[in-house]
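Position chain D against the provided structure of chain B, taking the given hints into account.
2 protein chains.
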Amino acid sequence: MVNYNQGLDATFQALADPTRRAIVSALARGQASVTELARPHRMSLPAVMKHLKVLERAGLVTQRKSGRTRRCRLSARPLKKAEAWIFQYRAFWETQFDALDRYLAQAPTEDAKWPKNSSPQKPR
Amino acid sequence: MVNYNQGLDATFQALADPTRRAIVSALARGQASVTELARPHRMSLPAVMKHLKVLERAGLVTQRKSGRTRRCRLSARPLKKAEAWIFQYRAFWETQFDALDRYLAQAPTEDAKWPKNSSPQKPR
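As given, the protein sequences belong to chains B and D, one line each in that order.
For what it's worth, my numbering labels the leading residue of the first sequence as 60, then goes sequentially.
For what it's worth, my numbering labels the leading residue of the second sequence as 60, then goes sequentially.
Chain B extracted, bound-state conformation (with noise of 0.2 Å):
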């Protein structure tokens, strides 16, 4: 259980940024060297490993060396677990907008509430 906890700590903070969420998306798209995934980034290429140390710590990314490059493979484990967590949810939330979408569809309409044409009445 602690491990299964470390795991999600990890693979929540690891795409609890729009950078490393954007590496993660690159790589599902297939492997890619650090300098391609840096490319997109207005990023110092220093600050791009850094990103990348973190996905690799959440087991999100690994790093195969290639000759004298580095290219970088997405994990699908990690991913998976933190989806399936998020899952086990839905019929919460299923229940919430189906409340709201009964609660909308009883609630009066503006044109219910105020008839088309009609005209400010004038005081007597």
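Careful: at least some of the hints might be erroneous.
One copy or any two copies: either way a pair holds, since identical chains are not told apart in the list.
Mimicking DSSO-like on lysine-lysine, the simulated pairs with C-alpha atoms at most 30 Å apart in a straight line are [said to hold, decoys possible]:
hint, residue 1, residue 2
1, K124, K140
2, K140, K112
3, K109, K140
Just so you know, the hints here were simulated from the structure itself, not pulled from any lab data.
Everything numeric in this text was worked out from a predicted model, so none of it was measured.
Chain D only, in chain B's frame:
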């Protein structure tokens, strides 16, 4: 896009802690007071309130005063958004798990590599 990203940052950040995830779990079962939420955790009330603040900032929890107590309520929307973000990579992880399954199905089993009942050969 900035707001969408900031929302996801805050949600994933809020979920990156086991106490906060436990609070989300508890509130998915129904509204609760701060004291009720604090009970299962070996934590001071102010420490729990700090976690609640993080959840509130992410829009995951709303608090409402009811007499002398505060009732906390879980909000579905940020959970659903975070799940949707991860879920877009479902095709990726299914491909990766399928590839692993195919590899394991093709790989020779331990039994095939090391036939049972084989006795070590004596040197001639």
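For each hint, the structure was consulted:
1. Proximity of K124 and K140 under a CA criterion of 30 Å is satisfied intra-copy only: 27 Å inside one chain copy versus 36 Å between copies.
2. In this assembly of identical chains, K140 and K112 lie within 30 Å of each other by CA distance both inside one copy and across copies; the values are 20 Å within and 26 Å between.
3. Taking the closest pair of Cα atoms, K109 and K140 come within 30 Å of each other both inside a single copy (24 Å) and across two copies (26 Å).
Checked against the numbered hints given earlier, this structure breaks none of them.
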